[in-house]
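Enquirer: If you read the protein sequences in the order shown, they are chains A and B. So in the numbering used here the end of the first sequence lands on 322, straight run, no missing numbers. So in the numbering used here the end of the second sequence lands on 334, straight run, no missing numbers.
Treat the hints loosely; a few may be bogus.
Below, in silico cross-link-like pairs of lysine to aspartate or glutamate (EDC-like), each with a Cα-Cα straight-line distance of 16 Å or less [to be verified]:
1) B:K245 <-> B:E212
2) B:K90 <-> B:D301
3) A:K206 <-> A:D222
4) A:K206 <-> A:E107
5) B:K234 <-> A:D17
6) B:K90 <-> B:E107
7) B:K90 <-> B:D300
8) A:K206 <-> A:E218
9) B:K58 <-> A:E218
10) B:K234 <-> A:D21
11) B:K234 <-> B:E223
12) B:K58 <-> A:D222
For the record, the hints were derived by calculation from the structure and aren't laboratory data. Predicted model only: the values in this text are computed from it and were never measured.
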Amino acid sequence: MTDNTQYMTSTSTITDASEARAARDHRHDMWFRRTMMGAGMLVLVLLLSIAGSTLWGGSEAFRTFGFGFLTSTQWDVVNGQFGAVVPVFGTLVTSLLALLIAVPVSFGIAIFLTEVAPMWLRMPIASAIELLAGIPSIIYGMWGLFVFGPFMAAHMAPWINDHLGALPLVGALFQGPPLGIGMLTAGIVLAIMITPFITSVMHEVFRSVPTTLKESAYALGNTTWEVVWDIVLPYTRSAVVGGIFLGLGRALGETMAVTFVLGNAHQFSASLLMPSSSIASVIANEFSEAYTDLHRSALIALGFLLFVVTFVVLAAARLMLMRLSRKEGL
Amino acid sequence: MNDHERLYRVRRLKNRIAMALSCGATLFGLLWLVWILITTLINGFKALNLALFTQMTPPPGTEGGLANAFYGSALMSVLALLIGTPIGLAAGIWLAEFARHSKLGNTVRFINDILLSAPSIVLGLFIYTAVILPLNHLTNHQVGFSAFAGALALALLVIPVVVRTTDEMLQLQPSTMREAALALGVPQWKLTLQIVLRAAKAGVVTGVLLALARITGETAPLLFTAFGNQFWSSNLLKPIASVPVVIFQYAMSPFDDWHAIAWAGALVLTLFVLCLSLLSRLILLRNRSH
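The task is simple: from the sequences and hints, build the whole structure.
Expert: In structure tokens:
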């Protein structure tokens, strides 16, 4: 009897202790979970507050100019007239030029890396390209300003002027003084910058194509090109487009590489050889020297536009990339 | 039979052209990148000397270096890592351990991927309107552009990189390890911090290194947060110099000796970033071979 009571009391202390410990662990776990979740939610909050604060900062410009902010080509600091058309136009043209050059080149490199190159060469080239993707954009900008700009002015611009400038219809795009800086130069520098990004996405995506698919095609007598064009590309189409959009997102928001070589001119011109401005370059050049509230607000409003556009482009890119990984899951 | 042969020839020709173009594209791509690297190396080494690391940024026409800018960049980068890494780690842990397949988790992952390539200049604008303006107002215009604001802007670049790598690296850890620990009665927080995170250490460190590589070269978000300073400053509430911003100012100036300093700074930045990416690659490779 006594033995039994003793036994009972000792178990009850043990259960008490373990229950207390379980309760403590549970409490700690809950707090741990909440803290981690809070950090995760912070990411969401961050995105919303970036959009919100730039919209708020640009509200004065939006209120003053209304819809005209999006349709006016004027950017006159002295008289306080601000319109977004020229920088938006410059951003779009340089980014599209960059894509025009970077997409075929990246596609070529990605094919080379997955189908053509001998095995021992693939690793080094792929890692070289990935390392180069990490070079700070300001280096590209400096190179553009000091090396490529003068090279453009001395060798390429006169040739472009003479040969392409004389063409009907598109001629006007290529006429202008050989300044060396301008939309074409900025487009080329951007293209060099985004090529590694697009290449590494395409390379990764091409590698995800099941080997059996490719081998079956080869076994039926397809050439390498036919395998790439008829097997690899259709299989990876959405992800390839996603990779291109990712590059576009980079190009749209790129600041330093463009600011150096675009010339920061606020007039509108059709020629690609003329200086222009992009959203990012205008903000970088003028923000710390903006003394009126309206000027600063107009610059923040431009930043808001840039954020919205890149958000849409990058979101589309991610959705398209996700479609391929879903296919892999099947 | 003749038709058949012609078709074969056409297909072979097409293939050869495509393959030649693909090799050409690779050469073309590498050519530009080699050109950029070589110019940076040549111009940088020409201007590299000891004064670069010991003297302050000079007025035009005099000798000088980038000592204050190096210090400012280092200070802000360390601060940005100190702020950004814990937040990024925590969010990454939440995604991998608590919200792996939930809708909310996928949304956060999606948004994080967008932040990863969001234009850095907009982050600068965000810090300006959300931190600098209110702070300026609160302190009666005593505090404006500051090193602290610069570090915050850089921390915003650190967070998505760390979130992504932490999430990926933790997901790679086998679930058997988690189950074994849980079966022994280890509480979740201990399991995550002392077992799963430790197992994924190499990958997580790589993420932090990549984030550091990314912020060392960033110029745009610093232009109107940290601004710049000609002198040595370690006051977090005052403007501070940083290497990329000095390079930007000096390269855009008309002075040759400023250009030389800009090239030297560009060389140091490039080498530092390349070393960091190599280091992070080595860590990953060594870890994978285990």
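Enquirer: Each hint needs a verdict: does it hold in this structure or not?
Expert: Right, here's what the structure says about each hint:
In summary, the hint linking K245 (chain B) to E212 (chain B) is supported, as the alpha carbons are separated by about 12 Å, within the 16 Å threshold. Distance hint between K90 (chain B) and D301 (chain B) is fulfilled; the C-alpha atoms sit about 12 Å from each other, no more than 16 Å. Taking the CA atoms of K206 (chain A) and D222 (chain A), the gap is about 10 Å. The hint holds against a cut of 16 Å. Using a Cα cut-off of 16 Å, the hinted pair K206 (chain A) and E107 (chain A) holds, with the two alpha carbons roughly 10 Å apart.
Proposed proximity of K234 (chain B) and D17 (chain A) is supported: the alpha carbons are some 9 Å apart, at most 16 Å. With a C-alpha separation of about 15 Å, the suggested pair K90 (chain B) and E107 (chain B) falls inside the 16 Å cut-off, and the hint holds. For the hint linking K90 (chain B) to D300 (chain B), the alpha-carbon distance of about 13 Å falls within 16 Å, and the restraint holds. With a C-alpha separation of about 10 Å, the suggested pairing of K206 (chain A) with E218 (chain A) holds against the 16 Å cut-off.
A C-alpha spacing of about 9 Å is found between K58 (chain B) and E218 (chain A), which places the hinted pair at or below 16 Å, so the restraint holds. Only pairs whose Cα atoms come within 16 Å are accepted, and K234 (chain B) paired with D21 (chain A) is accepted, the gap being roughly 9 Å. Between K234 (chain B) and E223 (chain B) the alpha-carbon distance is near 13 Å, which keeps this suggested pair within the 16 Å criterion. This hinted pair checks out: K58 (chain B) and D222 (chain A) have alpha carbons roughly 14 Å apart, not beyond 16 Å.
Violation of the numbered hints given earlier is absent; every hint is satisfied by the structure.
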